[in-house]
Amino acid sequence: MLDAKMVRAQPEMIETALRNRNQIGLLENFLTLDNQRRTLLVEAEEIKKFRNEASQEVGRQMKQGLTSDDLVDRVRQAGQKIKELDQKLNEVESAIENIMLNLPNIPDASVPVGANEESNRVVRRWGEPRQFEFEPQAHWDIGPDQGILDFERAAKLSGARYTVYKGLGARLERAIINFYLDTHVYQHGYEEIFPPFLVNRECMVGTGQLPKFAEDMFKIEGRELYLVPTAEVPLTNLYREEILEEKNLPRYMVAYTACFRAEAGSHGRDTRGVIRQHQFNKVELVKIVLPDQSFEELETMTQDAEKVLQLLGLPYRVVLLSTGDMGFSSAKTYDIEVWMPSYNDYKEISSCSNCLDFQARRTNIRYRPASKEKIRFVHTLNGSGVAVGRTVAAILENYQQEDGSVVIPTVLRPYMGGLEQIGQVQSRVD
RNA sequence: GGAGAGAUGGCCGAGUAUGGUUGAAGGCGCUCGACUCGAAAUCGAGUAGGCGGUUAAUCCCCGCCUCCAGGGUUCGAAUCCCUGUCUCUCCGCCA
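Just so we're aligned, residue 71 is where the first sequence starts under my numbering, counting upward by one.
By construction, these hints were calculated from the structure, which means they are not laboratory data.
This structure is a prediction, so every number in the text was calculated from the model and none was measured.
Where hints are given, some of them may not hold.
As the list claims (entries may be wrong) - Distance condition first, Cα-Cα at most 20 angstroms in a straight line; then the derived SDA-like pairs of lysine to any residue:
1) 377 x 366
2) 236 x 214
3) 153 x 109
4) 377 x 255
5) 118 x 147
6) 158 x 94
7) 75 x 162
8) 444 x 360
9) 75 x 444
10) 151 x 106
11) 417 x 444
12) 289 x 272
13) 289 x 229
14) 282 x 444
15) 282 x 336
16) 153 x 220
Put together the whole structure using the sequences plus the hints.
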């Protein structure tokens, strides 16, 4: 959520920023509603002041045994008027809130302006895409061939866009999760969290999934509970409605969760393999930091995410998203894209965002400065560290051998019981 | 699932049977000051958040709101009534 005072003070600036995000005309009603709100508020407050003073006077009079029916009557009428004004005020305020909750964050000045991903800027690359001396296969072929991914039986259980991992495939998934968690906890200093996978509506509003993107989420029938689309939601909301001490900042958290997305509006995209699923695993990083440190923290968080790909030996590039391609809550986002031979292109495997105080306002997470200044909103950041299913796909494709087997990256071998490759040596049961 | 208890400031905890100057006693913590070579102890002072008015303005000053949330009763609600949420205890069930 944006600062209403800022929107009021410089609507042109906000309007421009929104246009860069392909959002037009959202501010029109805000200014008039905002004026209405203050008029009503001042009027209601005046009458409330009268009521407070007068009812105290009534109390004094009653103690002395003399009551003024006239005064009592006037206070009663004031009460009626207050009720009316408060009701109007409520309507205006919920209309304002409705606008505010649907306004995306303002892109940072360093973000390239553009309508879509074509304006994204590649900021660096790591590793060289491998030159294959044979025709490389896609992971959606390698997986079933090796008996480690089963899309057909997954469809029998749950439908399209689900995957069953079997044998060493399941173990590989689990190994990657552990490798990511261990790296971020023991090398990068994040606190490991294991949160619920179901969260309430307030959490979803807090991080910005709701109210605007309800169709992307799975909701539990008959309850106000949602399956988490990313661990960003529970992690960021951990400190909702809290005032943190400055000495306890920054907070670095990492969590593995399954993630659930209805992916409405993405039909026909990435239909093969594990790239776009309704359920997938992800290790997520979240930082809660002091306002003047958030951009620095975004850089280090992105590097933390890159590190695991480097350790896995997977070539990637880092892309600064343009204004038109950024997520709703973000002011600045780096995507990390891993080399995917089946696409003959880089494919998103992580997204690292600085949300500034946008989510902090929605979740009301603040901190008390050590210097006794006023309480302020924290800044929040989140980044994938990184998507697990896409890592499996990248490993299968980048480490495949001509005979169909797949070499296991050395850093994962301790997590795989020392196993050096998948395929050939293992016994399979179809 | 059944029965009961509870939710008050950064924390603990009074106030709720008898509604009124209680944004809220007391304690802890914290900040500043005194004492001290310094520290501890002691003593003194201060210490909620939000919204709005005013203002060049963060400061002051003034007002309104907030004692889990939402309704209601009343001239007036932390206190009375209703609904909801959450927490705790006991019983049952369960991985």
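Does the alpha-carbon distance linking residue 75 and residue 162 stay inside the 20 angstroms limit?
-> holds (16 angstroms)
Holds or violated: residue 118 with residue 147, Cα cutoff 20 angstroms?
-> holds (11 angstroms)
Holds or violated: are the alpha carbons of residue 377 and residue 366 at most 20 angstroms from each other?
-> holds (17 angstroms)
Is residue 282 within 20 angstroms of residue 336, Cα to Cα?
-> holds (16 angstroms)
Restraint status (C-alpha distance of residue 153 to residue 220 at most 20 angstroms) | Violated - the C-alpha atoms of residue 220 and residue 153 are around 62 angstroms apart, more than 20 angstroms.
Would you check the hint for residue 282 and residue 444, treating anything up to 20 angstroms between C-alpha atoms as holding?
-> Violated - the C-alpha atoms of residue 444 and residue 282 are around 32 angstroms apart, more than 20 angstroms.
Hey, residue 151 versus residue 106, does the alpha-carbon distance stay inside 20 angstroms?
-> holds (17 angstroms)
Satisfaction of hint between residue 109 and residue 153, Cα-Cα up to 20 angstroms | holds (16 angstroms)
Compare the distance between the alpha carbons of residue 158 and residue 94 with 20 angstroms, and conclude whether the hinted pair is satisfied.
-> violated (27 angstroms)
For the pair we were handed, residue 377 and residue 255, check the Cα-Cα distance against 20 angstroms.
-> holds (13 angstroms)
Given the hint that residue 75 pairs with residue 444, does the C-alpha gap stay at or below 20 angstroms?
-> Satisfied, since the Cα-Cα distance of roughly 17 angstroms is no more than 20 angstroms.
Going straight from one Cα to the other, do residue 417 and residue 444 come out at no more than 20 angstroms?
-> Answer violated: residue 417 to residue 444 is near 44 angstroms, above 20 angstroms.
The structure does not agree with the numbered hints 6, 11, 14, 16 stated previously, though it agrees with the rest.
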